[in-house]
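K.L.:
In case you want the letters, here they are:
Protein chains: 2
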Amino acid sequence: MTTVPATTPPETTTPSPADAARPGHAAPSGTVRGATPWTATGVTRPDDQELARLDAWWRAANYLSVGQIYLLGNPLLREPLTRDHVKPRLLGHWGTTPGLTFLYAHLNRAISARRQPTLYLTGPGHGGPGLVASAYLDGTYSETYSDITQDTEGVKRLFRQFSFPGGIPSHVAPETPGSIHEGGELGYALSHAYGAVFDNPDLMVAAVVGDGEAETGPLATSWHSNKFVNPAHDGVVLPILHLNGYKIANPTVLARIGQDELGALLTGYGHKPYFFEVPDDSDEPPLVTHRRFAGLLDEVLDDIAAIKERAAAGDDTRPAWPMIVFRTPKGWTGPAEIDGKKTTGSWRAHQVPLANARDTEEHLRVLERWLRSYRPEELFDDDGAVRSEIADLAPPGELRMSATPYANGGVLLRDLRLPDFRDWAVDVPAPGGSTAEATRVLGQWLTEVIRHNPDNFRIFGPDEVASNRLQAVYDVTDKQWDAELYGPEVDEHLARAGRVMEMLSEHQCQGWLEGYLLTGRHGLLTSYEAFIHIVDSMFNQHAKWLKVTNHIPWRRPIASLNYLLSSHVWRQDHNGFSHQDPGFIDHVVNKKAEIVRVYLPPDANTLLSTYDHCLRGRQYVNVVVAGKQPTPNWLPMDQAIEHCTRGLGIWEWAGTEVPGTKPDVVLAAAGDVPTLEVLAAADILRNELPDLKVRVINVVDLMRLQDSTEHPHGLTHAEFDGLFTDDRPIIFAYHGYPWLIHRLTYRRTGHGNLHVRGYKEEGTTTTPFDMVMLNDLDRYHLVIDVIDRVPSLGSSQAGLRQRMQDARLRARAWTREHGEDLPEVRDWVWPGAGAAAELPATADTGGDNE
Amino acid sequence: MTTVPATTPPETTTPSPADAARPGHAAPSGTVRGATPWTATGVTRPDDQELARLDAWWRAANYLSVGQIYLLGNPLLREPLTRDHVKPRLLGHWGTTPGLTFLYAHLNRAISARRQPTLYLTGPGHGGPGLVASAYLDGTYSETYSDITQDTEGVKRLFRQFSFPGGIPSHVAPETPGSIHEGGELGYALSHAYGAVFDNPDLMVAAVVGDGEAETGPLATSWHSNKFVNPAHDGVVLPILHLNGYKIANPTVLARIGQDELGALLTGYGHKPYFFEVPDDSDEPPLVTHRRFAGLLDEVLDDIAAIKERAAAGDDTRPAWPMIVFRTPKGWTGPAEIDGKKTTGSWRAHQVPLANARDTEEHLRVLERWLRSYRPEELFDDDGAVRSEIADLAPPGELRMSATPYANGGVLLRDLRLPDFRDWAVDVPAPGGSTAEATRVLGQWLTEVIRHNPDNFRIFGPDEVASNRLQAVYDVTDKQWDAELYGPEVDEHLARAGRVMEMLSEHQCQGWLEGYLLTGRHGLLTSYEAFIHIVDSMFNQHAKWLKVTNHIPWRRPIASLNYLLSSHVWRQDHNGFSHQDPGFIDHVVNKKAEIVRVYLPPDANTLLSTYDHCLRGRQYVNVVVAGKQPTPNWLPMDQAIEHCTRGLGIWEWAGTEVPGTKPDVVLAAAGDVPTLEVLAAADILRNELPDLKVRVINVVDLMRLQDSTEHPHGLTHAEFDGLFTDDRPIIFAYHGYPWLIHRLTYRRTGHGNLHVRGYKEEGTTTTPFDMVMLNDLDRYHLVIDVIDRVPSLGSSQAGLRQRMQDARLRARAWTREHGEDLPEVRDWVWPGAGAAAELPATADTGGDNE
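Listed in order, the protein sequences are those of chains A and B.
Going by my numbering, the first sequence opens with residue -6, and the numbers climb by one from there.
Going by my numbering, the second sequence opens with residue -6, and the numbers climb by one from there.
It should be emphasised that the hints constitute simulated quantities derived from the structure, not laboratory data.
Treat the hints loosely; a few may be bogus.
With a Cα cut of at most 27 Å, we get these calculated DSSO-like pairs of lysine-lysine [what the hints assert, rightly or not]:
| # | chain 1 | residue 1 | chain 2 | residue 2 |
| --- | --- | --- | --- | --- |
| 1 | B | Lys220 | A | Lys335 |
| 2 | B | Lys265 | A | Lys265 |
| 3 | A | Lys265 | B | Lys220 |
| 4 | B | Lys655 | B | Lys686 |
| 5 | A | Lys220 | B | Lys335 |
| 6 | A | Lys655 | A | Lys686 |
| 7 | B | Lys540 | A | Lys753 |
| 8 | A | Lys753 | B | Lys220 |
| 9 | B | Lys149 | B | Lys220 |
| 10 | B | Lys753 | A | Lys585 |
| 11 | A | Lys585 | A | Lys540 |
| 12 | A | Lys540 | B | Lys335 |
| 13 | A | Lys265 | A | Lys220 |
| 14 | B | Lys540 | B | Lys585 |
| 15 | B | Lys265 | A | Lys220 |
Sample of chain B residues with no beta-carbon within 12 Å of chain A, all distances over it, derived [claimed, not checked]:
| # | residue |
| --- | --- |
| 16 | Gly35 |
| 17 | Asp48 |
| 18 | Ala166 |
| 19 | Ser275 |
| 20 | Asp309 |
| 21 | Glu370 |
| 22 | Val419 |
| 23 | Pro422 |
| 24 | Arg433 |
| 25 | Pro623 |
| 26 | Pro705 |
| 27 | Gly707 |
| 28 | Leu716 |
| 29 | Gln798 |
| 30 | Trp823 |
Quick reminder that beta carbons are idealized off the backbone N, C-alpha and C, glycines included.
Please build the complete structure, drawing on both the sequences and the hints.
P.N.:
Following this line, the structure appears as structure tokens:
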């Protein structure tokens, strides 16, 4: 048994600086000791002895899997099985497990022969016991969890902990060494796999796709990932479609369309399918089965090696990548029938086939016969350790799939080399004294981020990188595309390798990014705000993964998952109601406070400062919402940094406070459009009610609003009261659904004085200002809110109130007549902003594209 | 121009009662007047004159489309185009439009020839102008919107309203006659199309799939819908892959994999692809192009007719359904180049190709030449009406795709025949005096719902109908499956036709159900609670559709979309943390109060009553969360009905109030597990603190908590205070994230006294009671909460408090040791429940399967 701990930092080769013409062409290599990737020469076919050893390994893995599901005691069956040896609650999944262990065994052999760094990624995550058993046989499990020893007591503990209170989940999970892929929600095996191989040219990911999972949408489109992988500069995904035929209670679609149709489908996906089949009623001797599969796997790996060789020689045409269709019985090697019903080879083997194993003597004997069919006496020595000739099937050290550093990405993670974002600051001679498209400015800085980090940073987007105005990055890189190219007339910035990954699938982009981050790199996903809900559930799973890994010491921190949401709810002039949804923030804040950060920078400099912070982070999900339309710049860079560092603050220049006295009213804003409207309202108030003491607060870091006991970024109650007061009306203009602000602040002293304006699902096809009017978030309505809520105003200001109402009617009528916003609204600038603040005439043309 | 209004109720044929052996085999027919579906005989090929007329129709549709995007005035170009005629803000999408109008024109011809009821469903929803133009040419638009007349002024209004403040969206939208499919979020064209044809054997849906949309996950898997459609009893989907090659800023994957690979893919999806191509640089005369396509479409429709004929004769093998690959230039017929850059046939034609049409004289002339290229002078008469020989291409009456009653499902909707759910009541001799698996009881009632409604009610689920314990329905129906059948040994309840639709894709299930509802039928979707987040975004779009249609008088109400979420957050003993997420409720309540309902019935009888209510509803989204594990029954049916009718109420039998006095504390619960724990806590309190006046409240209808001004179901403040008091501590045990209860109640007087216990993302692999303990929602902790919050208790009850802490430690230790819950916890029954309440010994075995 090798003793290299799984967490040893690997021997990494420092990548050479990007001397290739454009980033995307350089990549690190040699992250696994002793690797000789893509070797095809000198690989010999296994003899019978080796196949027998492989079969013993497989039997051991299956025995250990069944044991995990059923046994509390008598782990090695050294006495007759009794009811008390069986767990009282039988939980787990058997059906997919023997297929997964079979593949693991054969991959082990191939890896040993070829010294090929390999990550094993199993979509049918319910095969948890099989992966845990394999890691135990590799030795990794005992190295990682020292109480799970390689002896009888260790086997007993291994069994007991499985799906047991205080133990491990029944799925592949963060606790499982060698995994980057939670086995809970289905659909992301291939997108995670491709994310892992981008910029890892030496890595092979053997990605098992369950035929149940294959029915999900995200999986169905992820086959097309092979048009986005570069055969020279990226690694290789070997998809293995595990066609075991059944889900929980139904057959699977791909198992029931015939081999011709399935073959056409996989060919159509761009693959060269290799079919392997073991029928339900097969009586083929195991060694023959093993020989058949070992031969097929060698053929596939030789094929891949040839592709890599051609690619290294400069052939950049897209190959038909090999894949395996692995058609084997569900619950293979389990009881053929239970209670007279076909079990192996049916959906009845999906979960716990003998759910009532303790109930009758007959069932108990079925279980015992099943366990003994693996011949445990041949597999374990007297002490209960796996016999060394079996354990030795595992490749050495980090070549073990359960010990690969690729599956503990934090080990491989290198800090980004971040250029000083202050060099990209926009000039702000006075508040509102210039305008910028915030995301376009960010794009200019990202250009340099890409230049400095040519092999470990990528941008992912569903056809929206340019639409979200990050197109400056194409000055230094391209969109990676391995499908047909038609030439520069139509294919701008499209190339065989590049740092930008675009496919019209939020699922795909998110899955790729997750795989990229989990294997130790950095990146961001830019999307329209409304449609990021498409990946709500993927976000959930990633946040849960991060939360769990925070408490697993051997898992090293990985880079944060960064969202850049633009084309946001307030600027859907093109697209209207269907494109308006700011609720991703609400969704995100349900997850653990230790994981989640939400930022709403109001202008270009604050966006730069925010994103620099996000790209430095570890183990967070950062949600950044920022506009792409021309917007006034409010803060010069030094103030922007200070503001972002605080997360929120009073903008003294915008208010009319008298030092040493409490304000009469607090106007707060979070988000770029709300900030603009709050400032315009403050401008009206300073002209109309010069004696009113108005405090203006801007919030960048939304989590600051929460109680410090609820979120690490939260303000204490004293801090909050100092800013927002404990008794003055607070009019809060918020980017999203108003509820959220109440939810974040309901414990605050002054919460009863808080009035929030936000999005109310009242959108339609209209102009930007009319849109904010529809939701009562506009400057005029905010002034009305102040009049209605400051006791000293009220009826005395009925005239001003009426003028505000009139202004709204005028603005709406103008909009309906001219199709544009009222010039006095559109051209408003903050007093003193000067001529520099002139908004470009085209500012409102364009809206959001899709 | 025909004058049949689009909203005339169609001549429906009353379906015969289900005299077929099992429901699923009967279906209504003849919903469109004068239809002769699937006619192939007597259809003649079009002559040149007809093709010329068709071409004129197409030019008219394209002219009207370009006009909508660009023109404010001079609608028929009867004077030279000036800057003032052009809209100041140019919004909309041109790229896909001419392809969509071409297909519409040809379908019109075919429908006229065959009298084939057809729904036109366009995935590339950005082609909004094309669909509006087509409906205008059909006459439907003017019938529906009487101010959009068939004259010059009408054309002007048609143009002005498009993507203009107060006008219509740029997408296909609820406002568009003939549509059931919002053109906002992409991915659901095929699942909606298949949902529409289930049980509509006469209906053809021509479903255009955009090649951008084709990259999304939901669309990629929805091709497999053809394994779930019955050729005899359902209608036919004709997929048309609109391969125009580009998205916003990128080529599309399917346009760049070569025809062989694409052909293999589509064959693999189970289709027989017919390829039609017009290259970018084609100089083919239009009539030749039209003749080619008309011939191809006739061939395709003849092929479909033959399949329908074979199916009617009893052939139930799955056919290779025809589909069309429609490869035409993006922005076809638009300017070839703009500013020297290739426009037609590139992504530059995606949106508004001449975004600066007003800026220069040159651009203005490009626009004018483009518009005049359609020869408007040949298309409109002196009054500005479309010439009759062109308009007559439209089929008659309801055969017009823009006037089909299938696209206004409420017109076709028949009430469900609902059996009296009280007949399925479980016997509750005393509170907690019996146990049941709530969803299993519901399943028994649904069995009769299916029996009584054999052709307009379906259950959809991602392989979870049986797992969620609705399997009683298989007594009367089957799962519909048109892929290979292996026989009853493994294929239980699988048949060529049936009321249950199962595929392992929440997207597919939701899309099918939406299509089914939008065409006037009823149904429900059952899913695991955590994974319903997968369709967050689809829910958003459906809720927005309902919200908009509520304000469109010609749209008739459709049946509510009903969710049954089981396998919920508190019972994931198998699956652990990855399967725990109660946040769909939070997501849902962001949408308009007029649309959204959330129910948490605590037991079987309340679930029956709730679901009866849901199946009677119109225009709502009903979210029902209910457990599938054995749980005590609390209310006999008469009380259950009363409780559900109120939505929430005091359970006097559970509390220890003294009539006429205020309670000392309120214990409230929403959800089955919280209800159990609250009652167990109330039991402890009545024993330990017999003088404490405890009020127990149960909440079924979550929206009752909200302010009556915020939600139509909301309690007034007086009502709320009467129930929850305005000054007593409220300990609220809630099924989901505790925030939501604060959010719903923050305006209530007593909100400061409210303490909520709920799910905190603190799950792990454990037993049911340990799970509630992890989140401090358990009976012992609720008692501690009471001690800590009732001023008269506090330090005087330190002893009881300590005993509660000890009980928790004991329960946890037992769990860790035995893998089961402490017997005193597991076997607890409400006092007086009697022997009947004995929980079955297997109650905790099994957990949630997946």
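K.L.:
Look at each hint and say if it fits the structure.
P.N.:
Right, here's what the structure says about each hint:
no.: 1; hint: B:Lys220 with A:Lys335; in the structure: holds, 25 Å
no.: 2; hint: B:Lys265 with A:Lys265; in the structure: holds, 21 Å
no.: 3; hint: A:Lys265 with B:Lys220; in the structure: holds, 24 Å
no.: 4; hint: B:Lys655 with B:Lys686; in the structure: holds, 8 Å
no.: 5; hint: A:Lys220 with B:Lys335; in the structure: holds, 25 Å
no.: 6; hint: A:Lys655 with A:Lys686; in the structure: holds, 8 Å
no.: 7; hint: B:Lys540 with A:Lys753; in the structure: holds, 12 Å
no.: 8; hint: A:Lys753 with B:Lys220; in the structure: violated, 41 Å
no.: 9; hint: B:Lys149 with B:Lys220; in the structure: violated, 47 Å
no.: 10; hint: B:Lys753 with A:Lys585; in the structure: holds, 8 Å
no.: 11; hint: A:Lys585 with A:Lys540; in the structure: holds, 7 Å
no.: 12; hint: A:Lys540 with B:Lys335; in the structure: violated, 50 Å
no.: 13; hint: A:Lys265 with A:Lys220; in the structure: holds, 14 Å
no.: 14; hint: B:Lys540 with B:Lys585; in the structure: holds, 7 Å
no.: 15; hint: B:Lys265 with A:Lys220; in the structure: holds, 24 Å
no.: 16; hint: Gly35; in the structure: holds, 34 Å
no.: 17; hint: Asp48; in the structure: holds, 28 Å
no.: 18; hint: Ala166; in the structure: violated, 7 Å
no.: 19; hint: Ser275; in the structure: holds, 16 Å
no.: 20; hint: Asp309; in the structure: holds, 14 Å
no.: 21; hint: Glu370; in the structure: holds, 28 Å
no.: 22; hint: Val419; in the structure: holds, 24 Å
no.: 23; hint: Pro422; in the structure: holds, 29 Å
no.: 24; hint: Arg433; in the structure: holds, 15 Å
no.: 25; hint: Pro623; in the structure: holds, 14 Å
no.: 26; hint: Pro705; in the structure: holds, 15 Å
no.: 27; hint: Gly707; in the structure: holds, 14 Å
no.: 28; hint: Leu716; in the structure: holds, 20 Å
no.: 29; hint: Gln798; in the structure: holds, 19 Å
no.: 30; hint: Trp823; in the structure: holds, 24 Å
Of the numbered hints stated above, those contradicted by the structure are hints 8, 9, 12, 18, listed in ascending order.
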